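Chemist: Here's the letter readout for the chains.
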Amino acid sequence: MVISGIGLLSKEIKVTTEPLLNAVVTTANDNLTEVVVTAFGIKKQAKELGYSATTVQSKDLNVAKPVNVVNGLTGKVAGLQINTVNNGLFAPTRIVLRGNRSITGNNQPLLVVDGAIFYNDISTLNPEDIASINVLKGSSASAIYGSDASNGVLIITTKKGSRGKPTVNFSSTVQLESVSYMPALQNQFGSNGGEKFVNDFNDLNTYIPYENQSYGPRFNGKMVPLGRPVADGSVLMVPYSARPNEKRNFFNTGLTTLNDVSFQSGDENGRFFMSLQDVNSKAVMPGDYGRRDVFRVGGDKTYGIFSASYSLAYTYKYQNTTNTGTVYQMVMNTPAHVPLTSLKDWRNNKFADINGFYNDYFDNPYWDIDNYRNKTTDNNLTGNVQFGLRPTKWLNLTYRLGMTNLSSRYEFTGGPKVYSTYAATNSTVLYSNSAGTGIDTVTESPKYIASQGNQSASYTNSVYSNFLLTSDFVANFNKNISKDFNLNASIGTTYIGNKLSGVYVNAPQLVVPVYNVKNVSGLPNISNGGLYDNYVREARKFGLFGDATVGYKNLAFIHGSYRGDVDSRLSKSNRFIPYYDVDGSLILSDLFPSIVSNKGLTFAKIRAAYSVTGNASALGGGSPYIGYGAYVINPTYNVSPGFPYGSLGGYSLNTTVANPNLKPEKVNETEVGIELGFMNRLYLTMAAYQSELTDGIVRANTASSSGFYNALLNAAHTQNKGLELELSGNVLKTKNVSWNLNVNYTYNESKVVSINGNVKQLGISNAIVDGSNANAYAVVGYAFPVIETRDWVRDPQGRVVVDRVTGNPKADPNLKVFGQATPKNILGLTSNFTWKQFTFTVTMDYRGGYKIFNSIGQYMDFTGISATTASTNRQRFVFPNSSYFDAAKGQYVANTNIMVDDANFNFWPGLYRSVGSNYITSAAAWKLREVAIAYEIPRKVFAATKIVQRAVFTLSGRNLLMIRPKSNLWTDPEFSDGTGNDAGRTSTNQAPPTRLFSATLSVTF
Amino acid sequence: MYKIIKSYIFQSASALLLLTAVGCKKGTFDINDTNPNVPSTVAPQYVLSSSLASTATLVSGNPGGGSISGNDLFNMYMGYWAVSGDYIPNASLVQYTLTTDFGASIWDNTYPTIQNLKSIEGYYAGSPAKGANYIAIAKITKSLLFQRLVDIYNNIPYTQAAAGGTIATPVYDDAKTVYTSLVNQLDSSVALIKSASVSADNPGNYDIMFGGNMPQWISFANTLKLKILLRQTQMSGSSAYITSKLAGLTTADFIGSNADAMINPGYNNGATNRQNPLWQDLGWNPTGALQGLSSYFRANSYAVNFYTNTNDPRLSLVYALNSSGAVKGRAFGSTKLEHNTDISAIGGNSTGAPQSIGLLKSYSQGSVILSSTESLFLQAEAVQRGFLSGSANALYQSAVAESFRLLGVAGYTAAAATYTAQSGDVVNFTNSVNPIKTIITQKWAALNTYDPLESWSDWRRLGIPSDLPISTYPGTTATHIPYRLLYPTSEYNYNTANVNAQGTIDALSSKIFWMP
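Those protein sequence lines, which keep their order, are chains V and B.
If you're matching positions, the first sequence starts at 17 in our numbering and goes up one per residue.
If you're matching positions, the second sequence starts at 125 in our numbering and goes up one per residue.
Simulated from the structure, these hints should not be mistaken for laboratory data.
Being a predicted model, the structure only gives us computed values, none of them experimental.
Fair warning: there could be bad hints in the mix.
Unchecked claim - Pairwise CB distance ranges (calculated): (1) B:His604 to V:Asn726: 36 to 44 Å; (2) V:Val527 to B:Gly335: 34 to 42 Å; (3) B:Ser633 to V:Gln468: 37 to 45 Å; (4) V:Asn726 to B:Pro252: 49 to 57 Å; (5) V:Asn889 to B:His604: 54 to 62 Å.
Unchecked claim - Sample of chain V residues with no beta-carbon within 12 Å of chain B, all distances over it, derived: (6) Asp549; (7) Leu739; (8) Phe958.
Glycine is no exception: its CB is placed at the ideal position from the N, C-alpha and C atoms.
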């Protein structure tokens, strides 16, 4: 790619097969004359930028061979927060630049691939196809994208080929994944769910063989029955002792293979690139697997003043998973003495099938794994072509046509669950006697789950397609208008059209277990979003933009951009909305050459920017795809309940009032920065920003006397401010040794200024667990989002108030704010050390200043499998830091001796679990994200072949280590129950965290 | 050559720029004006059928689905229903310590229905002649709903209510002014129908109350007007107003015998929400299981005793037989251990199978909006008070007979005559020393479950029945049943300033304007 800067010679960006030996963590300012690709493919010198942008190159993204390129970006850029919110196949990620601004809208940056807006999941890209990612952090950098701009942009450039001799690169990776952290478990007590009062923890007769709760007697190694006797009268006898690794052993070692082949070649007039990647993965969750294949061709060609480039990619993605949440719950459910992994064969093992499985309340998780499957097949086609015309040196015309098309099919098949008559009616239970020396036969009610009846097979099928067409025209003028002044200006137009469509059918009950909706039992009920749905949503946007930089003597730059948006989703009177940016930079080291010295400061720049941008995603409930926001301002009528009666139709107005005045949210951002270079090898960048979102869209409740229940309003106001620091460069360089370091630090503080009039808070997700009502909220005066849940009743000193008689604390029914759900501080560190043939790379980061709610803790306290529930050996205890009210003294008195009245079944599963604050901990963590050792095999080894050019062998690991506060007993605080704005809560839907080890051999021919 | 290309390029570049800008044809960005998934406008008959169906739920069903949702409350207050002894009752319910949640679903569901009716009027705003019938029906139905709100809440948002989303916080209007306006609305609706041309749109079967029979809408509007006017009898100096508003009307202008105003869109057993609303509340779901509240509500011993003492054949039609084949009630608020097997269910249907008699006949029965019996009792009172000419006695006899007919008493005319010939002024009009008491007492006996709000209003207006029991629940301090409901939670949350301007409301002492 030949591009030109201001008064510079043409320069080629090296993007492809650079030797690993030269790998450095690159930032935008480590090469001051480097040309970076900004919005709409407009190229600029790094030094002239008046805003923050950090470029990460291919080799840095692929150090530890990520399947999703986002994982290779984590920890490497200041201001960028990436959460991999789950593990498992193609784990979903959330990317946020400079904090969350919008309460109901999208806060993730716009994705732009090869100049065209990209409407697919970033995980559909092959990381090896990416030449670089330029992170435009603030809205000043992205202002030209108008109402898509306020969350920053990731400008992704794919490979187009190399000039010179054709090369073929082949690489093969084997990646192993294993569970790294399990929630803290107790290994002392077996099953009892309150059926019998446990008075003596040595009395084996209080052990309940079919229970899923672990509030029973202490383990003692004696043989006890597990579950009920099966149809042939036999019962599974197991040692009454803990199997501490059983739950961890339930999970497999995941195995992923990545095979890459790419071809590239080119000459001075054109280049060609072609690649194929096949990813095959078996997850740690037994039975879960998936595959991804990406095929890409790209290239460019120049004929005199004409040029053309193109890139076309096809991605196939398949995932086959079970219902993680229920399976993980069932596994965690298992009392410690149950030999769960030996009960895998539910088809042949009479103690493992759903009739004979020990648990009265839940089925065998292995049965669920085989009988509940979610299958998603995605076909993505992405492509763009670009035509260039350069009639003179200073004029460049570009037209670009881009498209993405996702076609996705989802299928769920479940059940059927058919219990035997024996299981549903047998009322014999065998108990161990108190001493564990004999068996008592007792008649009770039959196995609970079996007596509740069978479950029919169920089926869901949905088909979804998302089509985006973009069409951009840019005219760029770049001319020295006088000896001292240079003008780099662009004007252009951009069009995006998005069409989404979907069909959804659900058959909750099938007559026969043949998975087709035609087998549905009974009459399907047709209602909005109910059992059936189908929709088409389409929206269009047109933008007119201008962008100009005036440079003075290549040391002072003033830049401005303007964008006017015409958005089909808005009413005609609101349809045209202008956005703009003004920024400037000054190269102090050129202005005052006296401050420069080769041994000290070699570069100094200051910059400032101000912008007004928009975010229209809240129109579509936070989806980044504009189609979702279509029609929200229109009044609509829905089919009324009960209708149609025969052929008699009935429609009623939507109870959310259509607000024709709705407009995009508005973001004003101010940014200042300083960039310093030392000894031409160390660079320091500092940026400070403040942004204000106004006209935030909220769904407000309205008085029903208005005729409606809700209204979408432009009402909310939030603030973000923060600091970004990046220190990077070469620390050490000798003949054989080179050490590069990148340290980045991010500080972000957000605040909800107002929501809607007097409304003080707004829930932004549904409570995921009963009792505690833990939920993510926007609360006026607090950071966004915060977690709210219930706490204990506390005295004015903050001590937990206990009842003077029972010693029990009491749950406070009111919800309290427990702190922000996104990190205030992020520190990232990447070190790249090269010695001869070896390159050693480490990336780690720290996130702190925020909280997480772990609902799995609640679940485990319910079952009594958690370490917490055994923390007092199930013996009564004085509630820590508690007090009681002394009516005689009229004050609270420290409690030193009144013990809770029970520390077993009557305490943990009910009272303790209902208080959500018990499951909130600091979410701070250090993580060792990537470690890689690459060895470049000496040329002499294969020189004789004359075919092999280069061979590199890499061993790498991901998420090898996580250091959390002791209070976090549960899981990875980076996890979240979704990728939406409602961060801060984890549940059993996130399987335990894992670590990955990879070995890669890469050979270039 | 190069120069030519250059100039060509210049021109084409500017052309291209312009082209992409305007190349988007006119209308390119109007694609979101019409939502292809759901209609943005629908023909008025569909909104009418839907609005009438929700009106049926508001008048005769349980719009909120809970035990404190609205009509259920009035049924309990008026001695028709009691809370089952198998349940622990909500203390606020049985002690009359109402909260803003009591009956809130009436308010919260009425205004959106009014909004839909207004959208029918809006549809014809540009062609009022064509929409005369529709506009009249919408106005009449709105009057019905607004009157109910006034009777429950006194002052209500009226002029600014349901303003199409333009007013988020409507102010409250004086209840008496609302009443006056409703009477005018009804008058103008009748005039509109009478002057409608034959080419005016007629909803036909989408009018799920009268099937497009406009004269029936006139009778309905007149009866509604009579109901509104009679509500004001106890206000001083109201006679002249009532008389003037009834001028020109005779008893033939109101709903007469065998002409119950009932809504039925075609209720069926296909799904719970397709059943008759009362059946949804107290009957059986499509799979034959009892609806949740069927077991929660039971016969009230006050009404059971009344029917028993007067040898009323309606007893076993209003209430089902218990396991020993008798009708037995329970006192409201009682804490006595009495099981559902012993206390009668509501409805007079023991099996769930469709039958032709009783309160609960079938899932497909029509919803009673304004029954012939109610209309005739209203007329009897109006004649008795001298507002209409005619025979109060004859109207009274027909009213009782119509109640017998509605509930399916065999040989209802003769049975009613026998019934009203008994002695005692709760049945015998001819010998009654207090004819109004006789009319209103029998009206109370006739409106059991079908229109408890009317009975509650009569009690609040006239104190009849005078021996209406109050809750026997321990801790009950009230000495009478509530006078009104509190404004709902949604108003206090989202229309705060306007509802607070109504001052402090006490359900046991704040009165509706027409109460003495």
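Chemist: If you test the structure against every hint from before, which numbers come out violated?
Modeler: The structure conflicts with hints 3, 4, 6, although it agrees with all the remaining ones.
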